[in-house]
Each structure stands twice: as structure tokens, then as C-alpha cells.
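Peer 1: Could you slot chains B, C and D onto chain A? The hints should help.
Number of protein chains: 4
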Amino acid sequence: MDKDITLRLKNVEGHVRGIQRMVDDGAYCIDVIQQIQAAQAALSKISSIILENHLNSCVITAIRGDDPAERERVLREIRDVFDKTNRSY
Amino acid sequence: MDKDITLRLKNVEGHVRGIQRMVDDGAYCIDVIQQIQAAQAALSKISSIILENHLNSCVITAIRGDDPAERERVLREIRDVFDKTNRSY
Amino acid sequence: MDKDITLRLKNVEGHVRGIQRMVDDGAYCIDVIQQIQAAQAALSKISSIILENHLNSCVITAIRGDDPAERERVLREIRDVFDKTNRSY
Amino acid sequence: MDKDITLRLKNVEGHVRGIQRMVDDGAYCIDVIQQIQAAQAALSKISSIILENHLNSCVITAIRGDDPAERERVLREIRDVFDKTNRSY
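Residue numbers (my numbering), protein chains in the order written: chain A, 1084 to 1172; chain B, 1084 to 1172; chain C, 1084 to 1172; chain D, 1084 to 1172.
Think of the hints as simulated: they come from the structure by calculation, not from any bench.
Owing to the predicted nature of the structure, the values given are computational and were not obtained by experimental measurement.
It cannot be assumed that every hint is accurate.
The list makes no distinction among identical chains, and a pair is therefore deemed to hold if it is satisfied within one copy or across any two copies.
[Said to hold, decoys possible] Once the Cα atoms are required to be at most 25 angstroms apart in a straight line, the calculated BS3-like pairs of lysine-lysine come out as:
#	residue 1	residue 2
1	K1128	K1167
2	K1086	K1128
3	K1093	K1128
Chain A with its partners taken away, still in its complex shape (with noise of 0.2 angstroms):
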């Protein structure tokens, strides 16, 4: 996967340096916003990959496990990171 990742992630480093050109050139505001969302959302995917991966070995491994401080704190962090793109108010 992290090949998939790693390239992903460089496709969004190309697209923010486009942007920049954007802005450079003069580029009409709404279309730059569109591009900074088309962004968002290409990160917002990458993110997503990596939880599933996430979710199916260290939290498997950590519930699995013998250890409840593990457990628990794998937990909270699945959760500190839904609270993260939850709150959008």
C-alpha cells in the first residue's frame, strides 16, 4: 500500500505546486478555490487508505492483544481522528 500512498501523495504535491502557478498567473479566484478543494479531497482519500490499512493490523493486533492500555488507546485515537472530520461546525 504504501507504494499506492507515496504516489498519491506526490500527485498531490504536483497539483499544489500547479496551483501556485495558478495564483502566479493571475488565475480566477473561484477556479483556484476549486482546485484547492479538488485537493482536499484527493488528501481526504489518502487518508481514508490509510485507516482501512490501519484498522485491518494495529487495531486488529491491539484489541486482539493482551494489553487494555493498548486497546484502549487505539480506540481513542479512532476516534480523535472521526471527532477531527466530524466537527465541521
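Peer 2: Same frame as chain A, now just chains B, C and D:
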């Protein structure tokens, strides 16, 4: 927890009813939008509490259980819920 | 438009009441969260309609008017409303 | 403002490059997700600044201008940008 959730939902219901009255009374658009955003924030908080309970009960049970399909289903649901809030763009 | 808005708010109110019943009946956590997200989406749609009306009335009037303070206030409100939804992280 | 915007975009570009390094170095999933969320927040801030500039220039010009089609276009764009961030569910 259900009592807390029910009470919070009752409050949101009352809040939404209050927003109707604001609209009927010809309140200023921006004030109405801000109240809607506050009601959405209250709903986000409720989702967060429910998710936390879910992680600490069903998810632990499923992951520790013997049914791989059930485990997969539970983890996929978490990811779907995250995606729904995460895909804001 | 107020009739449409009132009706939509009434629907959300009923929706939230339905979610309370789901919780009282011990519905599955994820199903409850999905209904909450649907209610939030319905509220987002209402905000969007109100904002559109606001742009086409108050905002035009203020910008065409002679009061620079009023103009500034109206534009600042638009930005604040945008920021509130935009700052999801 | 363009200088500020360009600088902020350059920072986000560097931030995204740093996240790639984190992934290459096998950083913990949750830490990566949090950095992605921070980059998204930085992009949201940039959108907000651009929108503010847009409201104080193009939007005022269009609304005070004589072309109703242009005025309508500009207001529809504002609503579309708001809808994009607002429809998080």
C-alpha cells in the same frame, strides 16, 4: 449512555423547532444559518458519542470473535462512517 | 421560499424524533449514525437554500447601497459562514 | 495578497513532501493521518483568504455592474463553493 443520547436528540429536536419559529418570524438569514450550523454540531457530538460506545462494545466483540466475515463487516462500517464525514470536498 | 424552508425544517424535526425512537428501540449504532448524517445533510441543504436567497436579496441590496459599513458587514458574514463549514480540520 | 497565498501554498507543498517522508520511514498511521488533516486545514485557510479577496473585489464589481448575467454568475459561484464544503454528509 442511551439516556444521554435520547436527551441530546430531544434537545436537537427542540432546537430545530426553534429554528422554524425564527424562520416564521422572519429572522435574519445569517442568524438562521448559524443556528442550523449549531444544530449540526450538536448532531456531530451525538454521532461521536455513539461511535465511541460502538468501538468499546460491538467492535471489540467482533474483532475478538471467531467470525472473520463479521470482523470485516464491522471494520468496513467504521471506514464507511469515517468516509462519509471525511469526503467534504 | 419560507414555506419550503419551514417544511424542510419540519421534516428534519420528524427525522430527529425518529432517531430517538431508533435509540429507544436499541437500534444498531451504525444505523443510528447514518440517520444522524442524513439529518445533517438535510440541514446542509436548508442552509444552502437560505444562503442562496440571502445572496440574491440582502447581499445585492447592501452592495448596491451607499453604506460602506453595511456592505463590509454583509461580506464578512458570508466569509464567516463559509469558514464555519470550511474549517473541518 | 498573492505573495501571502503563494507562500502558504509553498508551505503546504513542503508539508505534503514531509508526509511522503513520514510514509517512507514507516511512520505510525494515525500520525500520518493527523499530518494530512493539518495540511487540509492549511488549504482551508488559503481558500478562506482567497474567498475574502474575491468578495471584496470581483463580487462587488459584478453586483454594482450593469450586467445581470454576470451578477448572477458571480453569486452562483459563491453558493457552489459554499455547497461544496457544506455537503459533508
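Peer 1: Each hint: holds or not?
Peer 2: Here's how the hints hold up against the structure:
1. Taking the closest pair of Cα atoms, K1128 and K1167 come within 25 angstroms of each other both inside a single copy (15 angstroms) and across two copies (11 angstroms).
2. Proximity of K1086 and K1128 under a CA criterion of 25 angstroms is satisfied intra-copy only: 15 angstroms inside one chain copy versus 29 angstroms between copies.
3. For the homomeric pair K1093 and K1128, the shortest alpha-carbon distances inside one copy (14 angstroms) and between copies (22 angstroms) are both at most 25 angstroms.
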